[in-house]
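2 protein chains.
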Amino acid sequence: MAVSEPGVLELVRRGHEERVLRLLGEHGALSRKRLETLSGLSRSTLSDIVGALQARGAVVASTPEAGRRGPGRPAEVLTLNPKAGQTVGMDFGHQRVHVAVANAAQEVVGTATRGYARTTSWARRLELACALVDSLRADLGALQGVGVGVTGAGDARKQHAEAVVEHLAERWNVPVLIDNNTRLAALAEMLRGAGSGCSDVVYIRLSHGIGGGIVVGGRLLRGALGTAGEIGHIPVPDGPDARPCSCGGRGCLETYAAIPALLRDGGLPDLPAALAALEGGDPAVRAVFDRAGRALGMALAGVCATLSPERIIVAGEVAPAVLETAEAALHRHLPPALHHGLRLHPASLGDEVGALGALALVAHESPLLSGYPDPSRKDGS
Amino acid sequence: MAVSEPGVLELVRRGHEERVLRLLGEHGALSRKRLETLSGLSRSTLSDIVGALQARGAVVASTPEAGRRGPGRPAEVLTLNPKAGQTVGMDFGHQRVHVAVANAAQEVVGTATRGYARTTSWARRLELACALVDSLRADLGALQGVGVGVTGAGDARKQHAEAVVEHLAERWNVPVLIDNNTRLAALAEMLRGAGSGCSDVVYIRLSHGIGGGIVVGGRLLRGALGTAGEIGHIPVPDGPDARPCSCGGRGCLETYAAIPALLRDGGLPDLPAALAALEGGDPAVRAVFDRAGRALGMALAGVCATLSPERIIVAGEVAPAVLETAEAALHRHLPPALHHGLRLHPASLGDEVGALGALALVAHESPLLSGYPDPSRKDGS
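Respectively, the protein sequence lines represent chains A and B.
Just so we're aligned: 942 in the working numbering is position 307 of the first sequence, and the numbers increase by one with no gaps anywhere.
Just so we're aligned: 742 in the working numbering is position 107 of the second sequence, and the numbers increase by one with no gaps anywhere.
Among the clues, some could well be false.
What the hints assert, rightly or not - Coverage of chain A stretches by chain B, computed from C-beta distances (three or more under 8 Å per stretch; other residues unrestricted): (1) 677 to 690; (2) 743 to 756; (3) 771 to 783; (4) 830 to 839; (5) 891 to 897.
Calculated from the structure, these hints are not laboratory results.
Here a beta-carbon is modelled for each residue, glycine too, at the ideal position from N, C-alpha and C.
Using the sequences plus the hints, can you model the full thing?
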């Protein structure tokens, strides 16, 4: 029997804590007796667990005056502490950091952003981000965790992830969860944006590169090897001579539909010039964007056949110029029984989407709740 | 508060039962005291739950003689009842049914198969399958459920699924779970075949059609709209003039790598002739199979970029003839950071794979354990 492993009982205990917090989150206020019934925990176990949660400020006991019936002491109820359980989200892009703070009810109580140079060190980026959080003057008295979005996937992300986690965990003494910021954007769009009400979402962002994030059953998909959601590197060659991609692969979607490819193919200086040419009806530029749209539609057809998502969300500066062509290509490549009439939805959140996703990472993806291993350890290792 | 909904307490109770069964399955034998600790359930709740499980014959109490220490009554231990909790699996192909029976330890105690004509009615197919199960003379005294694999996806599967579920549920008075038989094969290969030890598996079968199944985190992926895993319909055109597919889409993998496409492209009468021509070094036939292999590799590159699986398994009569080319194409289309050096593994189970997967559907995919809705209701509805 493997029950004597060290840590098993601690895991069991953390599981109980999560269960109690989840029940209080779902039901609002519960008496101890009701919590006992719903959790199935023994009175003594529950008493230990609730005591620890109260000591940490996560749970509070109160005595509602209304609805008091009969003589004797009114029944005490337990609730999540609305003033506790804050989360901090940070999204480190190539040239700016966004931070956001949420209260226990997952209401965003403040956001801020600050630019930096591509060459800015990680030590300095962290300093700027922490100063931004301080500037929001939010109550972080019962901080539950910090979520962090960073660029890159696999080993590229791993390089700075460890230092970031260590720095922030030391500063606040709370769990720090880290993931790719495009994945976090997918989570945020599902919870607060264009995927609201859905739990199976494919999110793709068309910008200087093409990234993606996939939510299955309300959870971020990371994949066994940590690189799930790299939709920009799905091969969609338009002929046998597949273009080489900067990733080292061939025929990737990114070689058709990312900004550098579009500018090169259209002989254009920058995206505003490209969009102006489209606006002016330039047929050569239209052809370049239409090819990108068809490539996107083909990649998404493959994703649909593989995943059967509920909603597809397309973000990034390029999105509006290719959405229509891509949707038509998606519907041309798949039969109705597989595309289910899915539309391509434009993303609805702004540049703060990554920081909002980082908040959600903490609130929704606690390793114990989600059944995933610690995301910071899935990082290509 | 939503706690007064009818059924909540019953769900809670079933959740407790599942937890107890899972702990006993993981640990083998447990004392009541140890089960109390690991489950976190109160003594009285646990006593209720164990009593009900004993009454149903799912759990037995025994007193091990060995290892007895000290005076007094030896400690009683609880185990899953090895004679109870049988499962029946059935796989209805186009021209034959396979059945399998497993005991509570998920050991297969018998399998059988029987052919029928494509035109055979569903009533007759069910009759044949039930007679086959009877012929195995297995003890079904504590049957836990019946898993059924059928061909087709979405609406095509839905047409007969309801009648099958109704017939079998009435005959045995147990839950009946139904899914696509290629998906079930994916589950079986993960548990007992080429995916053994993995929990994130992509399975693809190349035959008269091309089907697939995806397992993520040990669970079958069905997708929000029920059609996940249709890898045969990923578009992989080799030029702008994508071939129309029988599904109604264009450029699907199936138009290159399924048996009918290979025979047509090679001008060949049947697969044995095609394989003999390959064996004999016929360059034109080799070229046809290599194109199919490249198309497969491209489709799997897209699946890898999307899902980041742990293992890829390729089944079906066509598999051996395209595996090498497909693996090379997969590695050419993706960078190492995304293909992770993944190989293509040949499937290792025989034609009984679907029936084994149907057993696994019951044992591993109980709706309560998996968090999925009832799979029979995900059937394109």
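To see whether the hints hold, each was checked on the structure:
no. : hint       : result
1   : 677 to 690 : holds (count 3)
2   : 743 to 756 : violated (count 0)
3   : 771 to 783 : violated (count 0)
4   : 830 to 839 : holds (count 3)
5   : 891 to 897 : violated (count 0)
Consistency note: the structure conflicts with the earlier hints numbered 2, 3, 5.
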